[in-house]
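Q: Spelled out from the first residue to the last, the chains are:
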Amino acid sequence: MTFYSILSRNAEDSTKTDTIEAPAFFGDLNLDQIIDAITAGKNEYNLKPFFYTPLHDAETIYFRHEVMRDMEDPKLMAYIKAFAEKMIIGRRYLELVEKLDFNYHKKGWFLEAALVYCDAITDLERDLSLANVKSRGFLAFRQYVTNYANSQGFQSLRTEAQKVKGGLSGVKYCVIIQSGKFKVLKYQGETDYSEEVEKTFERFKQGAVKDYRVKIYERSGMNHIEAQILDFVARLFPEQFAAMDQFCERHDSFVDETIRVFDREIQFYVAYLEFVADIKLKGLTFCYPQVSATSREVYAYDAFDLALAHTLLYDKKPVISNDFFLKEPERIIVVTGPNQGGKTTFARMFGQLHYLASLGCPVPGREAQLFLFDRIYAHFERVEDIRNLRGKLQDDLVRIHNILDQATPASILVVNEIFASTTLNDAVFLSKKIMARVMVLDLLCVWVTFMDELSSLSEKTISMVSTVLPEYPALRTFKIVRQPADGLAYAFSIARKHRLTYEQIKERIKP
Amino acid sequence: MKVFLMHPDRDLESEQAPSPNSAELTQDLELNTLFEAMAKGDKFIFKVAQQVVLSSLAAPGEIRYRQEILQDCLRNPDVVRQIYQIPIQALKNKQSHWMGIFTSYPGGILSSAREMLEMFVNLLRALRQIADEYAERFESPGFRRFFTMVQQELDDDYFSVVIEHLNTLKFRSGVLISAELGRGNEGTNYVLRETNHKDQNWIKRVIGRKSRIYSFTLHPRDDHGARALGELRDRGINLVANAVAQSADHIDSFFNVLRLELAFYIGCLNLSEQLAQLGEPIVFPLIAPANERRLSFTGLYDIALALTMKQKVVGNDLYADNKDLVIITGANQGGKSTYLRSIGLAQLMMQCGMFVPAESFSANLCNRLFTHYKREEDVTMERGKFDEELSRMSDIVENITPNSMVLFNESFAATNEREGSEIARQITCALLEMHIKVFYVTHLYELAKGFYDRHLENAVFLRAERKAGGERTFKLIEGKPLQTSYGKDVYQKVFESNQE
Chain A
1 MTFYSILSRN AEDSTKTDTI EAPAFFGDLN LDQIIDAITA GKNEYNLKPF FYTPLHDAET
61 IYFRHEVMRD MEDPKLMAYI KAFAEKMIIG RRYLELVEKL DFNYHKKGWF LEAALVYCDA
121 ITDLERDLSL ANVKSRGFLA FRQYVTNYAN SQGFQSLRTE AQKVKGGLSG VKYCVIIQSG
181 KFKVLKYQGE TDYSEEVEKT FERFKQGAVK DYRVKIYERS GMNHIEAQIL DFVARLFPEQ
241 FAAMDQFCER HDSFVDETIR VFDREIQFYV AYLEFVADIK LKGLTFCYPQ VSATSREVYA
301 YDAFDLALAH TLLYDKKPVI SNDFFLKEPE RIIVVTGPNQ GGKTTFARMF GQLHYLASLG
361 CPVPGREAQL FLFDRIYAHF ERVEDIRNLR GKLQDDLVRI HNILDQATPA SILVVNEIFA
421 STTLNDAVFL SKKIMARVMV LDLLCVWVTF MDELSSLSEK TISMVSTVLP EYPALRTFKI
481 VRQPADGLAY AFSIARKHRL TYEQIKERIK P
Chain B
1001 MKVFLMHPDR DLESEQAPSP NSAELTQDLE LNTLFEAMAK GDKFIFKVAQ QVVLSSLAAP
1061 GEIRYRQEIL QDCLRNPDVV RQIYQIPIQA LKNKQSHWMG IFTSYPGGIL SSAREMLEMF
1121 VNLLRALRQI ADEYAERFES PGFRRFFTMV QQELDDDYFS VVIEHLNTLK FRSGVLISAE
1181 LGRGNEGTNY VLRETNHKDQ NWIKRVIGRK SRIYSFTLHP RDDHGARALG ELRDRGINLV
1241 ANAVAQSADH IDSFFNVLRL ELAFYIGCLN LSEQLAQLGE PIVFPLIAPA NERRLSFTGL
1301 YDIALALTMK QKVVGNDLYA DNKDLVIITG ANQGGKSTYL RSIGLAQLMM QCGMFVPAES
1361 FSANLCNRLF THYKREEDVT MERGKFDEEL SRMSDIVENI TPNSMVLFNE SFAATNEREG
1421 SEIARQITCA LLEMHIKVFY VTHLYELAKG FYDRHLENAV FLRAERKAGG ERTFKLIEGK
1481 PLQTSYGKDV YQKVFESNQE
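Residue numbers (the numbering used here), protein chains in the order written: chain A, 1 to 511; chain B, 1001 to 1500.
Next up, chain A with everything else stripped away, as it sits in the complex (with noise of 0.2 Å):
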């Protein structure tokens, strides 16, 4: 099994292209957020083109998922993550040897870089012999770390590092500092003297008293003097120094390619399941959808809006989970109900869903079957362009005309609150067309609005509707189910609070 990427079956697969562009409709179903979040404190790894990239095949997703689903565990987790660590640690180390002035100052770093790198290496091949992988990703991935860690280059860089650290780290001198001069040389085993004044007034000790040690700012730069201290010490330990310098000719650039790639894309895995462990827990549930590029009978159980939940970490406030299904040959759910009550919410969840299974990744739910598209499109509201001199109904309608030139059958369509600045009879009439337009594209639509009739137009469109506690019609459940919209809902609930339904009032008045 030879090990290509740990994103992707195959070389030749599109994750190689970095999309640089979140797609279009990324701010309408708060995908930018969610993904902003997870990449959040990653920067140097430029996660954001793995996320912008949805796959199409299925293969590919349930590669993904194996090695999704092994990163769970969290010994894995807490190895990769150690290892990651030590190639951070080495980066800055590379990049400091840049920026310094004084040749042995740049040497020492460079060999520290080279040795925290063989660290890293030698631990993840211990590690991931230890490690319980199954996924075809890692199985290879490991095979190649075995390979690599015994291969004589790298066998050769360890040992010749860790030679010239040790002769480094026995160098022992001497300072004597006057005003204005001072002197190097080697030290010949005086005694410490702060200890002795510490031991003379110890008698004295009470309680904790504050540490007057100054933090010596440890800055990674070297001044004149201290370079000239340095100076002076090679040449007090000639064959050490001597040592560093072959070390550092021999072995200019040592970080393997394949290494620094797996380094940088494991954290695709990383960072969505450190974020998504956060969600967690607020005891919301995750699992591995199934995918298909030719079923359109989705369904979610307890599935939720990852923006919102993320927004809500920190809040009591809980996030409601809902569910869908669609049945032959539904394609269309169309969400009614009382304002506030979650139905853009629901909408948005439709589409984050759908596109966090492209990219292989577990979604917010219970158990979920969703369908592997080839775009989604979404029509939300718009703030008034000013530069584009169109009405809004008319910046409507161009939208959603361009939206549905380039859909296909495999695409799928999130519309909110569409039509909403003109009157209500207009409102229909344009709706049903566009509405008409969708079924003969036989698109997977979500459609979120205000207007009844869209929702049992034909068997194509199912109606959900958001619902109220009917205790207390002014709070909302946020519940969107799977029942016809009769508009009377939120009505009949204030009624009950009133005491006003047919039971009440015949409870009430007493014969």
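For the record, the hints were derived by calculation from the structure and aren't laboratory data. It cannot be assumed that every hint is accurate.
Claimed, not checked - Straight-line alpha carbon distances no greater than 25 Å define the calculated BS3-like cross-link-like pairs of lysine-lysine that follow:
1. B:K1170 with A:K215
2. A:K317 with A:K282
3. B:K1094 with B:K1170
4. B:K1170 with A:K210
5. B:K1467 with B:K1449
6. A:K327 with A:K479
7. B:K1449 with A:K199
8. B:K1374 with B:K1480
9. A:K460 with A:K479
10. A:K42 with A:K280
11. A:K210 with B:K1094
12. A:K215 with A:K99
13. A:K205 with B:K1170
14. A:K42 with A:K99
15. B:K1312 with B:K1475
16. A:K205 with B:K1094
17. B:K1002 with A:K205
18. A:K42 with A:K317
19. A:K199 with B:K1170
20. B:K1449 with B:K1374
21. A:K199 with A:K106
22. A:K199 with A:K327
23. B:K1475 with B:K1047
24. B:K1323 with A:K210
25. A:K282 with A:K327
26. A:K205 with B:K1092
27. A:K75 with A:K134
28. A:K81 with A:K280
29. A:K282 with A:K81
30. A:K205 with A:K215
31. A:K280 with A:K479
32. B:K1002 with A:K210
33. B:K1092 with B:K1047
34. B:K1475 with B:K1323
35. A:K181 with B:K1170
What the hints assert, rightly or not - Footprint (simulated), chain B over chain A, 3 or more residues, beta carbon under 8 Å:
36. 399–406
37. 430–437
Said to hold, decoys possible - The following residues of chain A were derived to be distant from chain B, with all beta-carbon distances above 12 Å:
38. D192
39. E226
40. R250
Keep in mind the model is a prediction, meaning the values are calculated, not measured. We treat Cβ as the ideally placed atom computed from N, Cα and C, and that holds for glycine.
Once you've looked at the hints, dock chain B against the given chain A.
A: Frame of chain A, contents of chain B only:
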């Protein structure tokens, strides 16, 4: 070096969180009068007295340890006050010379800490002299340990070593620092090395060894280099500066602890002198463990009343060993509240190691002392008086443990007698069953009579004495609860005196 004059094995904590019922105790037992007498205008002593009196000791041994030290103090008030002056002098010196470690670079820390140490060393010498002169007059284990420690730890040899270090630490002829190569070949592990301080010519000696030496002299105008060299020196002396500064701090806190712990005894001395002036007796109580029931005294008086009136006040006698419940009824203005307060005050004073205001006194310790007094109407008007009383009672129940003690003063009377009595009865019975000692001053006749009729072996009933003519003696005597509190007497007294 530890002071250990308040506890045999630890320092008195300088800031202790007050127990949640401190405010109630202070108010109900007039504790501020006691603290003020102890402080005699000294805010520091007031604070210490307050803290110590309100943090009872749990072990009889610990209390006796303090009692014996206090007895030493009462015998040698002048010496104790002389010792107390030493930490005060340290504080004054620090303040008047702006001493302290305020800088943030090792060189500055070292020189100011060295200066402070020098000042402290002189005061330590003074302490040694007092120990040499007076140690033999003290008998308590606490003071004997303290003086022995001072004499052993601060002997002449030690002082001479310290003086030598204080000289060396000026580093007149440069510093010797060892170092190693850390990451990136940067110098690390800077350690200041011994140069044998007696020898002024250590540099020649070090250089005289067989080793190559490289020297470098900075250009006179190389300010940058001079700064860098100074920084290196700072690295070298960082640890020694820390050691010296921490030593100065340790001695400083030794003096602080000495001041803190002696402040309590100075407060006791102040108090005893005032009581002696009033001709009031004091006595060291006999202590029984918390699980026993003991309370016997003669001539117990309310110290707060005596201090406020500035005169000798009526004392009471009681024999109430093996009793869990004391119910006090009787004439209005007959001294019931005073009596209850004198018991609470004596208990608190005993439990912190003080003498108590009586001719003789023995009692068991209690885990915690609570007071439940009737209060003014809730100013916030948020709830009724009875509700407020029950809420405070609920706080007590929340915090109480077996072998604690509760002083009730006219509690639960803010409703009609029957309800009040029944609630009070249920509460009292529950507390007794939980092995809690209860003192209850009440006008609730049904409550008092109810307990009286049960002929409990572990209960005592006291009554404020009233002579036949209505005259109060302010003495409490054992007696059956009576149905009247002789409010009529008071009424008459008020109206008659107005008529005069």
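Q: Check each numbered hint from earlier against the structure, then list the numbers of those it violates in ascending order.
A: Hints 7, 18, 21, 22, 23, 24, 25, 36, 37, 38, 39 contradicted; others consistent.
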